[in-house]
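**Student:** Okay, here's what each chain looks like letter by letter:
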Amino acid sequence: MEILSKDLGITSVPTRELELYFGPQHLGMVGNFSITLKVEGDRILEARANPGYLHRGFEKLMEYRTWIKNFPLVCRLNVMDPDPYEMVYAMAVEELGGIEIPDRANYIRTICLELSRLTSHLFWMWGYANMLGFDTLGQWTIGDRDYILDLFEDLTGGRVYHIYIWPGGVRRDLPEDFEEKTLKTLEIIESHLPDYDSLFFNNRLFVERTKGIGKISQEEAIELGATGQVLRATGIEMDIRKLDPCAAYSDVEFEIPIMEEGDSYSRAMVIREEVEQSISIIRQCLKKMPKGPAYKKVPNPFKWKIPQGEVYVRIEGARGETGLYMVSDGEDKPYRVHFRSPSYPHAILILEKLLKGASIADVGHIMMSLNISAPEVDR
Amino acid sequence: MKEKSKVNKKGSLFGPFSAIKYLFKKPRTLKYPFEPKEPFLRYRGFHLNDWDECTGCGNCADICPNEAITMVEIPEIKPEPSEKNERPRIDYGRCCFCGLCVDICPPGSLKLSRDYFHIHFATDSFIYLPKDEKSDKEHFLPAQEYSILKASLAHRKKDNEGFVSDLEYSLFEPERVPMPQVQPEERKLSFIEQVLGYSKEEAKREASRCLECKLCEEACPAHLKISDYIRAVYEEKPAESLKKIFEDNPIPAICGRICMKHCEEACSLSIRGEAVAIRWLKRYVSDTVKDYKTALELRPAKPTDKKIAVIGAGPSGLSVAYFLRLKGHNVTVFDSLPGGGGMVRIGPPLYRLPLEAIDKDVNYIASLGVEFRFNTTVGKDVLFEDIMDEYDSVYLGIGTTVSRSTRVKNAEKAHLALPFLEENKIGQSLNVGKEIIIIGGGNVAIDVAREALRLQHMQYPGKKVIAKTVSLEDWDEMPAKKEEIEDAKAEGIEFNPAWGPKEVKLDEKGKIKGLLCMKVKSVFDEQGRFRPTFYEEKEIFLEGDMIIEAIGQGPDFSFIPEGLFKKLEFTERRKVKVDENGQTSLPKVFAGGDIVNLNLDAVTAIADAKIAAEGIDLYLKGELKAAL
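Top to bottom, those sequences are chains A and B. Numbering-wise (this note's numbering), the first sequence opens with residue 1 and increments by one. Numbering-wise (this note's numbering), the second sequence opens with residue 380 and increments by one.
Everything labelled a hint here was simulated from the structure, so no lab data went into it. Each residue gets a CB set at the ideal place from its N, CA and C atoms; glycine is no exception. Hints may be right or wrong, so weigh each one.
As the list claims (entries may be wrong) - Heads up, simulated DSSO-like pairs for lysine-lysine below, C-alpha to C-alpha not over 30 Å straight-line:
hint: 1; chain 1: B; residue 1: Lys898; chain 2: B; residue 2: Lys868
hint: 2; chain 1: A; residue 1: Lys181; chain 2: B; residue 2: Lys813
hint: 3; chain 1: A; residue 1: Lys296; chain 2: B; residue 2: Lys583
hint: 4; chain 1: B; residue 1: Lys813; chain 2: B; residue 2: Lys842
hint: 5; chain 1: A; residue 1: Lys181; chain 2: B; residue 2: Lys416
hint: 6; chain 1: B; residue 1: Lys604; chain 2: A; residue 2: Lys305
hint: 7; chain 1: A; residue 1: Lys296; chain 2: B; residue 2: Lys616
hint: 8; chain 1: A; residue 1: Lys297; chain 2: B; residue 2: Lys579
hint: 9; chain 1: A; residue 1: Lys181; chain 2: B; residue 2: Lys536
hint: 10; chain 1: B; residue 1: Lys593; chain 2: A; residue 2: Lys333
What the hints assert, rightly or not - Ranges of calculated distance between the beta carbons of each label pair, as one might list FRET restraints:
hint: 11; chain 1: B; residue 1: Ser391; chain 2: A; residue 2: Tyr335; range: 53 to 63 Å
hint: 12; chain 1: A; residue 1: Leu205; chain 2: B; residue 2: Ser531; range: 46 to 56 Å
hint: 13; chain 1: B; residue 1: Lys672; chain 2: A; residue 2: Pro175; range: 58 to 68 Å
hint: 14; chain 1: B; residue 1: Ile498; chain 2: A; residue 2: Leu349; range: 22 to 32 Å
hint: 15; chain 1: A; residue 1: Glu237; chain 2: B; residue 2: Pro406; range: 33 to 43 Å
hint: 16; chain 1: A; residue 1: Leu205; chain 2: B; residue 2: Ile498; range: 42 to 52 Å
hint: 17; chain 1: A; residue 1: Tyr335; chain 2: B; residue 2: Thr950; range: 54 to 64 Å
hint: 18; chain 1: A; residue 1: Tyr335; chain 2: B; residue 2: Lys616; range: 20 to 30 Å
Said to hold, decoys possible - To give a feel for the contact side, a few chain A residues facing chain B, derived at Cβ under 10 Å:
hint: 19; residue: Arg65
hint: 20; residue: Thr66
hint: 21; residue: Leu73
hint: 22; residue: Phe134
hint: 23; residue: Asn203
hint: 24; residue: Leu205
hint: 25; residue: Ala294
hint: 26; residue: Lys297
hint: 27; residue: Val298
hint: 28; residue: Lys303
Just chain B, same shape as in the assembly:
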């Protein structure tokens, strides 16, 4: 027994009188509200929401244990592609101030304040759309105007943040599972695929980060069911996942490698951390499922007697063929290349997109019964007029296949990007110089530069080689993807931003000596149109023995007879004009892909193809009237 000695077992009669001394002490009670007591910094009071930061993702409503949060549509908010015009509304009859909504909020816009007074006769006033002092100046008052006696949801104090988000203690994982990659020093020596792909565990872990807010699905041009297929990866059901992907995208092995991933830019985790690796997860699914056919169990619908010609086997051509074949139509795809893929077959170098990946997707589409006629140039091997006669409908997915030139003096001595890429990927690799200048600041320019560097290392092993780019755009406006630029830098590519080509300099023998450049004043005019201006006098001379121009591509419509071409209408931005069904101004001709949209990427081409496939189907059923 460890009883303490100070406690008298019998108890004292006079001891209690010592309490009398407290009569002469100051009371400890505060005379509230005249003696205010400030809540502590982490106090969990009423909500604050920064409407500019809030994306309307709705994670707060999903996690609320009491269903106190409803997402309501705010018509005044014009949402960006990565946002919804919804904002959380709190029912304070239900809220228990646990703050889980704060800990799950990806942008960290939702906070709890240190306000805790609301007295009102109207019960409606307890249903509240929180804003913060930035978006609601009327109800948030500075300290001198604020009175605790009037405190309510309509009389709140400024700068009174309480429980706020902390990334380390958040309920989501802001960091991505790192993708295993070949290191720059090794990868620049050959065309080995840079990205190695996730293992099963890595893919599962990465998939587990997705909060399923579906902002990505809104942002994706083709509206893939991203959160569903990522959940299937998490549940270790790759076949299920592939089925979900194939509902909207029939070329996952291609898109899983080279998609421009508008989705990841919209991912709510990207606001304060790294986006879910949506593209790599798609790649994981397409790589993991060895045989699409048994996994997907897709069968074309009852055969129809309609015949459709698809010109171009690029992403949009492949997709439109797939969607139409599933509807039971007979589809023939024409392409001048020896295999499918179109621009993605020749453009993205082998270290980004190996041919096997392309063929996996193309072969599956062919296995559904789509007829491919490769090595067939429309206008030469087969005439467009004949196609128009023979088929019930025609889809133009020809892409932009002609590289543009800067047309500066002696530019004819330079190489063009597309022939360069094509030769190297599916033909014989070219002999390159030791010091190569690449003109351009887009993704193609980076591809060309990195490919040229690899060729240099392979052709001059152990020697000093230089590949440098020169672009009109400065670092901040360069159209190439940030990560591509970073990868290129890591491999040793040099960049010369904000310089414009003036003249290709030749030596006495007529060989390229270098490129004379002038400083760029501005690239775009006030309306945001491309109209570069220069400081003519500020010059720089870049030495080099080879120049490759990668400044953009245009379409080639020469296969269309003049009479028909005249009837083909274009938009102001020189794009083929199509209606909401993908139909052009030519009868029974539909179009999509780079000749139609301004995004110039694979996933937008798929989106066009989805629309056009529906349009063609309606047209063949006779439910679409004449063209534009």
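Chain A with its partners taken away, still in its complex shape:
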């Protein structure tokens, strides 16, 4: 439906159609990504997502690298939430190569994935709040995220790219006092959550700005391939951690926060409530942590060949279903690799749909409410 200025009650000032470029050089952009907007007045008539700025050709690159050499590469698919990609690669290799991993590794992997989800959600809060003009919250959450990065540095040796979950388990066992440090960090973050709520999530201004904006129905969400919070905000309890549990997810208890409305507000609230669930999962894992080795040696990397076969593995990343389809033709390298990244449908199909008819001021937070990660779209 074409929206004309007269529909909006503005008749005295003549308007005309304009094309606006939102990104990639834009303060409100999520990364190397852009949207071309066709607007008339304040209303968006049509939006076109332009991915491609971050295309690094990982999937092709991986066909030329041996099984072990691919492992430091995959985390780069998503800077904000790197561990799910390490995880799906490790799972795919283990399934194709028939590698059983020790229990302890599964628990450490779960902790790693949940910490990564926390960093991603805290990072998202910064971006989302900024889009709405709440700069203070972003400073707090980025500060709290840094405490988790410290944990990652302690555990894996890297702050952003952990290069830690690898085929056969994890790369090193938990460092000394890791449990204690983690519990302390979680406590700090948990103690800040009420402040986050009173400053932002319970703030009337936030509620007014986001309720009913960027609304998507359940049917549309399913049709367009939404997963993660985008789908859960429309009232569907879909979480791969429950549906198809990997690592230690079947051994821990947690809830799946859902909302009904499917608007920007609902998506934000789902993410906000997942923080508590992640904290609870990490605590349970630390408590139940089994003893034993955390790594089962993979074959000699210079002679490692994986039998013919194909596999699709998926886990619940911070943004939704993170999947990997991999084919081996029995050689020392994958024959074909394809990633299913949750941001892809969100950033292109759903974003284009939601922006139609929105006002320019809402572009930023609608986009952020979908929790888009540009490197994941392009890869």
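The hints should help you fit chain B onto chain A, whose structure is shown.
**Tutor:** For chain B alone, kept in the frame of chain A given last:
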């Protein structure tokens, strides 16, 4: 719907003001660099490399996903046989600090530090040859001299190791697939072969450990293409593997059992774990391929009219015959024994090297058209002069065949090692005593002791028997292989290290009563030459009714007429002098094996034979000038 009650659905207008309290709190931000933040212990920063530990194997460069590591030659480093004088150089424009290089490093010399600053205008400075504080004192500074403001690749902190190697999480397997063996209690009762050999799965698993760094190939005197033939075992292609072996070594069934395996000492996995079982894998290949001829498909080149005599059918004689036959020459091998193998036919006892294994290799070489004349002693059955006249070239691979004696008082009553071993292996087994003393600390002494013990158990079943060795060398300098000593100990052989024989004591009837020994002061002099000294007054008497001397062997040149022998030149260490083509000072005579080299083992003999075969071929083509 599980919405939490604490979140107000409408939102509060005044709640946000509670954030004001943070105005009165201390900021969480660090005033970096004035408030430093130490990286955690596993931090993956710039590389450190201990140049003393690093072997230059290049595994780091092979595994680097970004090709950031290049191995560069360092001329100042004088490499040992098990090392290369190459060290890794990192291009920090490419490095992603994943640390795979650390996890694959066999000696664990490559580490990541917790340094992460390098700011420089010169892009060249990002290409960096990592060292550590031991090998680079100039750029590694103690904490008090270090400043974060100056931090760079040329200003680094001491004791700042980050991500380091951990064997349990390494990318290689430090432990060997155990070789199935007959247990000491059972094996000491007969001459059953101790080592049972790998199954197909075990061999494949063991072969899969090889990192293909090829340090072993440098260390092997004959430079076998080890990583290639091990890869072929891994790929379940034993025939391919055998072809690779036969390029450099025509006696794999023999070497697969008794090789002194210089390769395994060089194996980079042996530094922190167990070497790849290279010798056992060679044995697996030679045992698995039932018929060499169909597997190898080797044919001698177009026949030449040249005739070569090879004296001695030991490892070097067999090898030189094989290499020359492949070149199309007519080769005749003379040996006084009834079969091939030379010293390996009589020396290594049956439990180590059965005759069938030797014959498998020898028969294959014979099948190529090499003529063997066994039971033919040169100098007696056929004269050396006649050979010199009849053949175009002569190869001396006679080995050291005469056992030396200690020549102490009454030593003539003792047995000598080689006749003892020979009689037992290919003749009639001797009657042994109940308490045997073996003099010597080398591999032959251990062979003699273990063989004597087996004979004792067979001749006195159920009775108490004792076999003990006495050697000049102490535990740490004993020339015998560690594993041989361990096997002997497990079977119950007693050792008396650092004692030297003084006198063989006899009873009234002239029978051996025991051996009087004196304490050794030192075995070698300051120049490292063999010159034992003793504490004459410190004595020990070892009881025994039989003594076997196994203190070394010498060559027997008596078959060479005096006139010719005079012209044969020797080195300072009493070895036959040969040039780089294996040619001696006698015209058309070449030599190799124990009479030439100091290693005194089969694989070095093969290495000599390879050189000499090339030399003889050149000589026969007229491309070599006169002798030395």
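**Student:** Hints first: check each against the structure and report whether it holds.
**Tutor:** We went through each hint and held it up to the structure:
For the hint linking Lys898/B to Lys868/B, the alpha-carbon distance of about 22 Å falls within 30 Å, and the restraint holds. A hinted pair counts as satisfied when its Cα atoms are at most 30 Å apart, and Lys181/A with Lys813/B does not qualify at roughly 69 Å. Taking the CA atoms of Lys296/A and Lys583/B, the gap is near 19 Å; set against the 30 Å cutoff, the hint holds. For a cut-off of 30 Å, the pair hint linking Lys813/B to Lys842/B stands: about 9 Å separates their Cα positions.
A threshold of 30 Å between alpha carbons decides the hint, and for Lys181/A with Lys416/B the separation of about 16 Å falls inside it, so the pair holds. At most 30 Å may separate the alpha-carbon atoms for a hinted pair to count; Lys604/B and Lys305/A meet this at roughly 22 Å. As the CA atoms of Lys296/A and Lys616/B are separated by approximately 28 Å, the hinted pair is consistent with the 30 Å bound. A hinted pair counts as satisfied when its Cα atoms are at most 30 Å apart, and Lys297/A with Lys579/B qualifies at roughly 21 Å.
For a cut-off of 30 Å, the pair hint linking Lys181/A to Lys536/B stands: about 27 Å separates their Cα positions. Restraint check: the Cα-Cα separation between Lys593/B and Lys333/A comes to about 23 Å, which is no more than 30 Å; the hinted pair holds. At roughly 57 Å, the beta-carbon separation of Ser391/B and Tyr335/A lies within the given 53 to 63 Å, and the hint holds. Checked against the hint of 46 to 56 Å, the pair Leu205/A and Ser531/B passes, with Cβ atoms roughly 48 Å apart.
Between Lys672/B and Pro175/A, the C-beta spacing of about 60 Å keeps the proposed range 58 to 68 Å intact. Distance hint for Ile498/B and Leu349/A: a CB-CB separation of about 44 Å, inconsistent with the stated range 22 to 32 Å. For Glu237/A paired with Pro406/B, a C-beta distance near 41 Å keeps the hint of 33 to 43 Å intact. At roughly 44 Å, the beta carbons of Leu205/A and Ile498/B sit within the given window of 42 to 52 Å.
For the pair Tyr335/A and Thr950/B, the beta carbons lie near 60 Å from each other, so the given range of 54 to 64 Å is met. For Tyr335/A paired with Lys616/B, a C-beta distance near 23 Å keeps the hint of 20 to 30 Å intact. Satisfaction of the interface hint for Arg65/A is found here, the shortest Cβ-Cβ separation to chain B being roughly 6 Å, below the 10 Å cut-off. A cut of 10 Å between beta carbons decides the hint on Thr66/A: the least distance to chain B is about 8 Å, and the hint holds.
Contact between Leu73/A and chain B, as hinted, is supported at the beta carbon level, the nearest pair being about 7 Å apart and thus within 10 Å. Hint on Phe134/A holds. Least Cβ distance to chain B is approximately 9 Å, under the 10 Å limit. Evaluation of the Asn203/A hint against chain B yields a held restraint, the C-beta minimum of about 5 Å falling below 10 Å. The interface hint given for Leu205/A is met, as the beta carbon of that residue sits about 7 Å from the closest beta carbon of chain B, less than 10 Å.
Because the closest C-beta pair between Ala294/A and chain B is about 8 Å apart, less than 10 Å, the hint holds. Proximity of Lys297/A to chain B holds as hinted, the smallest CB-CB distance being about 6 Å (cut-off 10 Å). Hint status for Val298/A relative to chain B: holds, with the closest Cβ pair at about 8 Å, below 10 Å. A distance limit of 10 Å between C-beta atoms decides the matter here; for Lys303/A the minimum to chain B is near 5 Å, and the interface restraint holds.
Hint violations for this structure: numbers 2, 14, all remaining hints satisfied.
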